[in-house]
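Asks: Next come the chains, spelled out residue by residue.
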Amino acid sequence: MSPQDYPTTWRRPPQIVRDKRWRIALQIGIVLYLVLAIGTVEVDWNRVYQGLERGQRFVMGFLQPDFTSRWSDIGKGLSESLTMTLTSTVVGVLISVPIGVGAARNLAPRAVYYVCRSIIAVSRSLQEIIIAIFLVAMFGFGPFAGFLTLSFATIGFIAKLLADDIEEIDPTQVEAIRATGGSWGQLVNYAVQPQVMPRLIGLSLYRLDINFRESAVIGIVGAGGIGATLNTAIDRYEYDSAGAILLIIIGLVMVAEYGSSYLRKFLQ
Amino acid sequence: MTEISHYSQVWAHRTPRKRLFMWMGWLALVALFVFCWQLMTRDTIWAFVADAPRQAADIGNRMMPPRWSYLPELWGPLWDTINIATLGTIGGVIMAVPVAFLAARNTTPSLHILRPAALFVIVASRSINSLIWALLLVAIIGPGLLAGIVAIALRSIGFVGKLLYEAIEETEISQIEAIEATGASGAQVLNYGIVPQIMPAFWGISVFRWDINIRESTILGLVGAGGIGLKLQASLNTLAWSQVTVILLLILATVVLSEWVSARMRHAII
Numbered sequence: 313m314s315p316q317d318y319p320t321t322w323r324r325p326p327q328i329v330r331d332k333r334w335r336i337a338l339q340i341g342i343v344l345y346l347v348l349a350i351g352t353v354e355v356d357w358n359r360v361y362q363g364l365e366r367g368q369r370f371v372m373g374f375l376q377p378d379f380t381s382r383w384s385d386i387g388k389g390l391s392e393s394l395t396m397t398l399t400s401t402v403v404g405v406l407i408s409v410p411i412g413v414g415a416a417r418n419l420a421p422r423a424v425y426y427v428c429r430s431i432i433a434v435s436r437s438l439q440e441i442i443i444a445i446f447l448v449a450m451f452g453f454g455p456f457a458g459f460l461t462l463s464f465a466t467i468g469f470i471a472k473l474l475a476d477d478i479e480e481i482d483p484t485q486v487e488a489i490r491a492t493g494g495s496w497g498q499l500v501n502y503a504v505q506p507q508v509m510p511r512l513i514g515l516s517l518y519r520l521d522i523n524f525r526e527s528a529v530i531g532i533v534g535a536g537g538i539g540a541t542l543n544t545a546i547d548r549y550e551y552d553s554a555g556a557i558l559l560i561i562i563g564l565v566m567v568a569e570y571g572s573s574y575l576r577k578f579l580q
Numbered sequence: 017m018t019e020i021s022h023y024s025q026v027w028a029h030r031t032p033r034k035r036l037f038m039w040m041g042w043l044a045l046v047a048l049f050v051f052c053w054q055l056m057t058r059d060t061i062w063a064f065v066a067d068a069p070r071q072a073a074d075i076g077n078r079m080m081p082p083r084w085s086y087l088p089e090l091w092g093p094l095w096d097t098i099n100i101a102t103l104g105t106i107g108g109v110i111m112a113v114p115v116a117f118l119a120a121r122n123t124t125p126s127l128h129i130l131r132p133a134a135l136f137v138i139v140a141s142r143s144i145n146s147l148i149w150a151l152l153l154v155a156i157i158g159p160g161l162l163a164g165i166v167a168i169a170l171r172s173i174g175f176v177g178k179l180l181y182e183a184i185e186e187t188e189i190s191q192i193e194a195i196e197a198t199g200a201s202g203a204q205v206l207n208y209g210i211v212p213q214i215m216p217a218f219w220g221i222s223v224f225r226w227d228i229n230i231r232e233s234t235i236l237g238l239v240g241a242g243g244i245g246l247k248l249q250a251s252l253n254t255l256a257w258s259q260v261t262v263i264l265l266l267i268l269a270t271v272v273l274s275e276w277v278s279a280r281m282r283h284a285i286i
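Line by line, the protein sequences give chains A and B.
Basically this note's numbering = 1-based index in the first sequence + 312.
Basically this note's numbering = 1-based index in the second sequence + 16.
Some hints could be false.
[As the list claims (entries may be wrong)] Quick look at which bits of chain B chain A covers, simulated, 3 or more residues with Cβ under 8 angstroms: (1) 99-105; (2) 110-121; (3) 165-175.
[Stated by the list, open to error] Label-pair restraints from in silico Cβ distances: (4) Ile129(B) with Leu348(A): 38 to 46 angstroms; (5) Leu406(A) with Glu188(B): 15 to 23 angstroms; (6) Glu188(B) with Ile328(A): 32 to 40 angstroms; (7) Glu186(B) with Gly351(A): 22 to 30 angstroms; (8) Leu127(B) with Ile328(A): 29 to 37 angstroms.
Read the hints as simulated data drawn from the structure, not as lab findings.
Idealized CB from N, CA, C, for every residue including glycine.
One chain only, chain A, in its complex shape (with noise of 0.2 angstroms):
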């Protein structure tokens, strides 16, 4: 065998699909859907074309927001989405707190489990604003429908990660308290409230984030908080209080968001 035959040229092997065969049918497969799915995309380039001034106007409008004009309507959304968020993130943690107890495998009697979880899976399936839809139209427009949304929303967020963690504790702790002869609720507040207390408040904050980016969504349907006045905005072709909304928005979540972490890192 001269040098010569040696490759001078490498090709990294394939990491995720290893057979050949099955990555030409890929490929075709992602090629044929693509071409199906494209084709179904009926896209008025003319429209798009007008657009495009729009669109100029309301990047202008968020490079020069229009904080003023509008302040009071943006003062009242935001009163509406704070107010709306820390009440609903306080109601459902102290909600969903039993529903979680019952939820874990480790506590709760099995027919208890099977109600706490299915609970759970109803509130995580539905998407907050068709929960907002309802109850909108259950309770009327304004904030206190949004406060019931994502009350019901932080229930199934915060009951199924604390039942998670729950059921993830260190048990010893657990059978010495169980040994000293302590009754249910002693072992709850002994044994598991101090092992899960610290992820508990972690999680809270994070909900607390969450409930306010939601509250930006779901005032669309009528929910109120500072998605109704963003609504309006935009109705309006207001572009330039609609950047300044969308300014406070990404603002406050990123005050939020790194406000939550450090906080949570104080707490931990």
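Dock chain B against chain A, hints included.
Replies: This is chain B only, laid out in the frame that chain A set:
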């Protein structure tokens, strides 16, 4: 139990000072809650709230039984919805990859200019919900599938970018150094040192985001961005609650199915 009384202290978890602080913290939270509650419910019309159970029963009655004959009309919008999610995910991922490489501390070309800019793109994209993106884009490029696709893509940049740049930052340095030691150029280091390490994470994140996007694209039609949400909006506007039931059940089935598909795919990849 008189014996214990001469101990100066009974065991407690926290010092009195700490307990006082905690108590004050809880008190402040309660006070804040009450204040916010007052502010929020200032304009609430309690008559509507009291009326809610009756309204709920009324809507429940109208929703049952579901009008199954409406189902054939929904397959087209459902196909559109899946296309919005899939094409949007592809677009978002394509835009997110360069952003992630600019944002990762170990691959960014400039730590002080491009990295903060990339991080701002990620935060801005993440903090604005896809429904708001859709609202803006419907106003700008008109109602239709394109607005939905672009909205999903813009929203996905932040999510994919954030997780991907964290994956890039967690790559093992020894493999990259090994490639560098062979005298490879910057692009070759990227291709042979970093890409193989983040490939599983990349596919996992993309599939995960696709799953979330299916969920989000079902409601984009509420603001006019195409898909099954348009049908939902139309049925809600005409108060056809029995059709709403069918649509919601279909959305639920789609979401559950996509979640299953994504879980299987991620399981196969990682």
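Asks: Determine for every hint whether it applies to the structure shown.
Replies: Comparing the hints with the structure gives:
1. Closer than 8 angstroms: that is the beta-carbon criterion, and the stretch 99-105 of chain B has 3 residues meeting it against chain A, so the requirement of 3 holds.
2. For the stretch 110-121 of chain B, the stated coverage by chain A is violated: 0 residues have a C-beta nearer than 8 angstroms to a C-beta of that chain, whereas at least 3 were required.
3. Judged by the Cβ-Cβ criterion of 8 angstroms, the stretch 165-175 of chain B is not covered by chain A as claimed, because only 1 of its residues qualify and three are needed.
4. Between Ile129(B) and Leu348(A) the C-beta distance comes to about 42 angstroms, which sits within the given range of 38 to 46 angstroms.
5. At about 44 angstroms, the CB distance of Leu406(A) to Glu188(B) disagrees with the hint of 15 to 23 angstroms.
6. Under the hint 32 to 40 angstroms, the C-beta atoms of Glu188(B) and Ile328(A), about 19 angstroms apart, miss the expected range.
7. Separation of Glu186(B) from Gly351(A) is about 40 angstroms and departs from the stated range, judged on CB atoms against 22 to 30 angstroms.
8. The beta-carbon spacing between Leu127(B) and Ile328(A), approximately 32 angstroms, falls within the hinted interval of 29 to 37 angstroms.
Hints 2, 3, 5, 6 and 7 from the earlier list are contradicted by this structure; the remaining hints agree with it.
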